[in-house]
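Go ahead and model the full structure; you've got the sequences and the hints to work with.
2 protein chains.
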Amino acid sequence: MKGSKLECVKCGGDFPLDLVNARCQDCDEPLEVRYDLESVPRDWFKTPRKGPFFERYAPFYSYLDTNSALSLGEGQTSLIRSNRIKGKIGIKELFFKNETQNPTWTFKDRGTALSLQNAFSLGYRRIGTLSSGNMGASVAAFGSRAGMDTFILLKANTPREKIDALAIYGVKAIRVSGNYGDVYNRTSEMGKLFDVYFSISDEPMRVEGYKSLAFETYEQMDCKPPDYVALPVGSGGLCRGVLKGFEELHEVGFIDRVPIFIGVQTQGCSPTVDAYEKGKDRIEPFKDPLTLDHVLENPYPPSGNQVIRKIRSNGGVLLKVSNEEILDAELLLAEEGIFAQPASATALAGIIRCAEKGLIPGDARVVTVVTGSGLKYPPVLEKFGLSPISTSLDQLAHTLETLIK
Amino acid sequence: MKGSKLECVKCGGDFPLDLVNARCQDCDEPLEVRYDLESVPRDWFKTPRKGPFFERYAPFYSYLDTNSALSLGEGQTSLIRSNRIKGKIGIKELFFKNETQNPTWTFKDRGTALSLQNAFSLGYRRIGTLSSGNMGASVAAFGSRAGMDTFILLKANTPREKIDALAIYGVKAIRVSGNYGDVYNRTSEMGKLFDVYFSISDEPMRVEGYKSLAFETYEQMDCKPPDYVALPVGSGGLCRGVLKGFEELHEVGFIDRVPIFIGVQTQGCSPTVDAYEKGKDRIEPFKDPLTLDHVLENPYPPSGNQVIRKIRSNGGVLLKVSNEEILDAELLLAEEGIFAQPASATALAGIIRCAEKGLIPGDARVVTVVTGSGLKYPPVLEKFGLSPISTSLDQLAHTLETLIK
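Chains as they are written, first to last, in my numbering: chain P, 181 to 585; chain A, 181 to 585.
Certain hints may be false.
As the list makes no split between identical chains, a pair holds if one copy fits it or if it spans any two.
Claimed, not checked - Lysine to aspartate or glutamate pairs mimicking EDC-like chemistry, simulated, CA-CA at most 20 Å apart:
id : residue 1 : residue 2
1  : 230       : 396
2  : 424       : 218
3  : 372       : 574
4  : 490       : 427
5  : 585       : 369
6  : 182       : 245
7  : 563       : 341
8  : 563       : 344
9  : 230       : 399
10 : 230       : 402
11 : 585       : 329
Calculated directly from the structure, the hints in this document are not laboratory data.
Laid out in structure tokens, this is it:
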């Protein structure tokens, strides 16, 4: 569409919308989609709509030719109101955006869906990513659905169970030895060389996919924005996307203020928070990262600098939490009936810390993004060590009586 | 609501609607909800609605006082149109109802949600089930959300990983040694003794929850019913529920015919199919059941006889498939981007068999219910044994070239 383009998030330099596998070489920063927001109808949210998010929010994706046959029913996840734990935390209204209900059970599917739409409309027949975890599974599923040749680059030490979870889709999996950051940078070159659309974490369409989470949340909250949005920060793509969604709602005039963002990392890998806390503009690679479920274990997040800039201008906060706080938060989520992976519980741990410090007023309406299913990383369950009581059929009544009294 | 009742599925005997933990003692058969369908507005499906299924389809649940705060966003799963495999199978239109997008990633959540609504409205503060698998996790999640004391009875030999998946919710787990059927029958007595609402597989409200799957499918197909519905048959509750949903749509006049049902079991546990094929009315316990993911491993399904009666009067078919057919079907589902657990792929395997035998006409519109997430049982993934290629950063281009050529 006329006037649509990619723009460097730092210098504002222009790039064509159909440029793929690229960052701004001057700034070494990611690119972002700019398009005409003027044409968004002011009454768009008055009518409930069906279909994939790029159809339900079509005016916010007007720059793209889309094909609903490639959708896997991504998005349209539940917004669950806290019943039990908001009181414990001291927050009036707390909501969980349950992204575990996506087709591969993490938020990544929103980004993958839009990358795939773009890849398909540009004529690509090969798609790929660099990930041993949730993003790999997501790209594998969507690539398979579209009948594309799918390439998943993996770290050399990727464990067996992560590879097994990709196996079902019939992808080409490649373990690449060497520094993760170097491999990341090399995907751009490989993509150009072999016509592979690499949907990596700072790919502009991935951010565009994530912004749909803001639109859905806004709709589910009866077209009133939340006061705060808390989310885990790994590569930074999710944070950038959801914030862009609310900023676009604000720019068009649907909301009169953008929610305050709370971005949370774990102490085991906090490059973005560390730079933010030191007042720096650029992140440094984090040495020897180690986290509970490895989802947030990107030592040098490609959107890190941009997340710092955006959170500062948003008036939000970046903070890190400990493994103990994360596991406590995971248990609290389960009290509400939501079984999240540890990385997802990081956001709730951040909310709890902010509430304790008085950074969130008691009457605030807070949304936390539950990014992925607890089934994604079962080993952590052993930490909760449930021990069932053994009994016989004859003794069952007695056992129940003991448990009830 | 006046005129609402429970009814024995065999003798038609009446029971009060608030009776819990009971079957018809004369017939040893399950009970089913009967209520006034006359009051269902004829234009109900004209307006798109929001909220839990018991609100979206409120007239079909008019007998129940419901509370949306206890919902976990169950239902509202995607109906995905087959792109790639319908041609291979020789079917014109094939749809996947993707129940893996439920809050605990299986269809069980629909049944649990309604059991919980009933338990809550009847004043119960304790809920339970007998299951080491998907139903246990579902009841644990909903029980936790409602703040109920939750009791999960397990088989004595339940493996560690199944228990771990319940641990997060803080339930009371009890391993009970003894015959599974005996334990099943004992839950009724225990429920009455200790005021525990046991939401076991033939609980009437569970069937009522499953019927929402029919309503959603009907809506998602633009208010035209499919010609065939295929689903896995374990305990039989899902089959009874979805069929009841379409029958109610038919009775009210929304559809002019009920879809033909294809119920599928695995050769490793086929008590219902075996009785059906022998022309019998009553199932016999299946000896030494062994299935791929244990989900369909109920040797003496409590709704087995009723499934046989219903499939016969529906003009449908019950059949069993082999493990090889199931794994082939699981790979086909993955080609469409859906990662199902083996039990879910059983339904597609049944469709393939029926299509090969000419039991499904080429122009039929077929829906298959994908009952649960592939993440629920990772060990089976090893059967697909993907072997990633190892390479170095320097050799990456060469490796990609080899794979592409």
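Enumerate the violated hints, using their earlier numbering and listing them in ascending order. Violated hints: none at all, because every hint is consistent with the structure.
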